[in-house]
Amino acid sequence: MFILYSDVLQVPFDTSSLISLFWIGFIMITFFYQTRLQSYLALNDISRGLNKLTVMKDKARKEAIDYLVNVGKAANDPTQRVDQFLDYVTIMPVDIDPAGLVGKIDHVVTTNNDRVRQEVGALLNQNNPVTVSISENLLEVATSLNQIHKIVRHFYLLGKKTNSYFTLIQLQMLMPMIIQEADALLNAVDSFKMGQPVGDGVGPVVVSRFMAGKEKRVVAKDTVMAITEYKGRKLYVLKADGPMAYVGQPGVAIKKIIEEMGAKPSAIIMIDAALKLEGEKTGEIAEGVGAAIGGIGVEKFQIEEAATKARVPLYAILVKQSILEAITVMRKEIAEAADKVTQVLNRVIEEKTKEGDEVLVAGIGNTLGVAQ
Amino acid sequence: MSSVPGTDKKTKLLVYTIEECPACGQKTKRAFAVGDYVTKDGAKCTKCSSQTRVSLVYAESSKPSR
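Taken in order, these protein sequences are the chains called A and B.
Under our numbering, the first residue of the first sequence is numbered 1, with each subsequent residue one higher.
Under our numbering, the first residue of the second sequence is numbered 1001, with each subsequent residue one higher.
Think of the hints as simulated: they come from the structure by calculation, not from any bench.
Do not take every clue at face value.
Here are the computed lysine-lysine pairs in the DSSO-like style, where the Cα-Cα straight-line distance is at most 27 Å [said to hold, decoys possible]: (1) B/Lys-1044 / A/Lys-59; (2) A/Lys-340 / B/Lys-1027; (3) B/Lys-1012 / A/Lys-214; (4) B/Lys-1044 / A/Lys-256; (5) A/Lys-300 / B/Lys-1044; (6) A/Lys-276 / B/Lys-1012; (7) B/Lys-1027 / A/Lys-256; (8) A/Lys-234 / A/Lys-193; (9) B/Lys-1040 / A/Lys-214; (10) A/Lys-193 / B/Lys-1047; (11) A/Lys-216 / B/Lys-1012; (12) A/Lys-221 / B/Lys-1027; (13) B/Lys-1040 / A/Lys-52; (14) B/Lys-1012 / A/Lys-221; (15) B/Lys-1044 / A/Lys-332; (16) B/Lys-1040 / A/Lys-340; (17) A/Lys-332 / A/Lys-234.
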């Protein structure tokens, strides 16, 4: 057997002793430096994700500028204005005294939306409402991606600076979900530019079938309504004004129809897209009760308040889809679900109301590429 | 034809417009063209010559091109 002799200690050293020494050393290093090693790996991982986010936000910004110049025929170079736009902030009202908070949020959000439309309108050299609404949506996508990038970069640099293992590990765990959402936003750009209906527009697609050929009237900002009839019931049907990329103000509209127009609905039926859980199929239909509407909560509050005050039951019909499918061009499965939703809607109307009743039907969602 | 990346990035989505005849119910599928939207007037129906309407615009996946 090969034997080593230490010159200093004059003791024999065999190979198995060397291997044992290596393992002892390895265990000691991993014991004391494990978190540092993992922090290093997490930093590398986050750095790769951050690079992807940088590419995404730059692409969204470029696409928005190109659209403003090429389609919107912006009179001047909009680059500087767009860059200012990306960093614009909306300061939410204080919530330590929650009384009247929804009204305050509504006020701030409405002010922001009005400002965005006004500024986009000023940038463009035309007033085609579809182009203006698409520009608004493209700028919103670019702003969202810019915001995501900034937040991720903040925590990445903070974790690096403070050598905070837990900050980095948490961020590393969240990165796949963040990238997935950012990817969905970036994919939405193509659909918006082309003016194609998105998955979220399934509610408006169903409602548009009831509105076709009927007289339409504006009941709230970007929201239209028509009166029609189904098996002896008077239907008030509403959706955002298409084919612009609007979501409208269904809360204000429902409140107005009930409180100001004197409608006495026996049921309010809302049709909306709903985020599916992993494992659920795209285009699956779910029925339920309650206000089927997403967003910050203002519209939901207004609808719930109006329905509760008038003691009108709220029914929901939901079409399941992922976040990517909701904001990109409508998939075949979702479009086909629109036919099934129409059948479900008819059945709910027949089951929950009787002849002579009034029913309010709202198609909730972005109505890009869906007129009425 | 308008195409966008699919969910898994390996497939491409092709976008189609469906024109439906309100009189005879015949449906025609064609490639999406910029400016198409649901309820827009389409071409004359090939069966009964009535005015068709765009009833749906949707995307379906195709095999990835090599």
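Checked hints:
1. Under the criterion of a C-alpha separation no larger than 27 Å, the hint pairing B/Lys-1044 with A/Lys-59 is inconsistent with the structure, at around 41 Å.
2. For the given pair, A/Lys-340 sits about 17 Å from B/Lys-1027 by alpha-carbon distance, which is consistent with the 27 Å threshold.
3. Restraint check: the Cα-Cα separation between B/Lys-1012 and A/Lys-214 comes to about 38 Å, which exceeds 27 Å; the hinted pair is violated.
4. Of the pairs offered as hints, the one joining B/Lys-1044 and A/Lys-256 is violated, with about 40 Å between alpha carbons and a cut-off of 27 Å exceeded.
5. Of the pairs offered as hints, the one joining A/Lys-300 and B/Lys-1044 is violated, with about 42 Å between alpha carbons and a cut-off of 27 Å exceeded.
6. Straight-line distance between C-alpha atoms of A/Lys-276 and B/Lys-1012 comes to about 22 Å, which keeps the hinted pair within the 27 Å bound.
7. In summary, the hint linking B/Lys-1027 to A/Lys-256 is not supported, as the alpha carbons are separated by about 38 Å, beyond the 27 Å threshold.
8. In summary, the hint linking A/Lys-234 to A/Lys-193 is not supported, as the alpha carbons are separated by about 38 Å, beyond the 27 Å threshold.
9. With a C-alpha separation of about 15 Å, the suggested pair B/Lys-1040 and A/Lys-214 falls inside the 27 Å cut-off, and the hint holds.
10. Only pairs whose Cα atoms come within 27 Å are accepted, and A/Lys-193 paired with B/Lys-1047 is rejected, the gap being roughly 34 Å.
11. Distance hint between A/Lys-216 and B/Lys-1012 is unfulfilled; the C-alpha atoms sit about 38 Å from each other, more than 27 Å.
12. In summary, the hint linking A/Lys-221 to B/Lys-1027 is not supported, as the alpha carbons are separated by about 34 Å, beyond the 27 Å threshold.
13. For a cut-off of 27 Å, the pair hint linking B/Lys-1040 to A/Lys-52 is broken: about 39 Å separates their Cα positions.
14. Under the criterion of a C-alpha separation no larger than 27 Å, the hint pairing B/Lys-1012 with A/Lys-221 is inconsistent with the structure, at around 37 Å.
15. The suggested pairing of B/Lys-1044 with A/Lys-332 holds, with an alpha-carbon distance near 24 Å, which does not exceed 27 Å.
16. Taking the CA atoms of B/Lys-1040 and A/Lys-340, the gap is about 22 Å. The hint holds against a cut of 27 Å.
17. With a CA separation close to 31 Å, the supplied pair A/Lys-332 and A/Lys-234 exceeds the 27 Å bound.
Comparing the model with each earlier hint shows violations of hints 1, 3, 4, 5, 7, 8, 10, 11, 12, 13, 14, 17; every other hint is respected.
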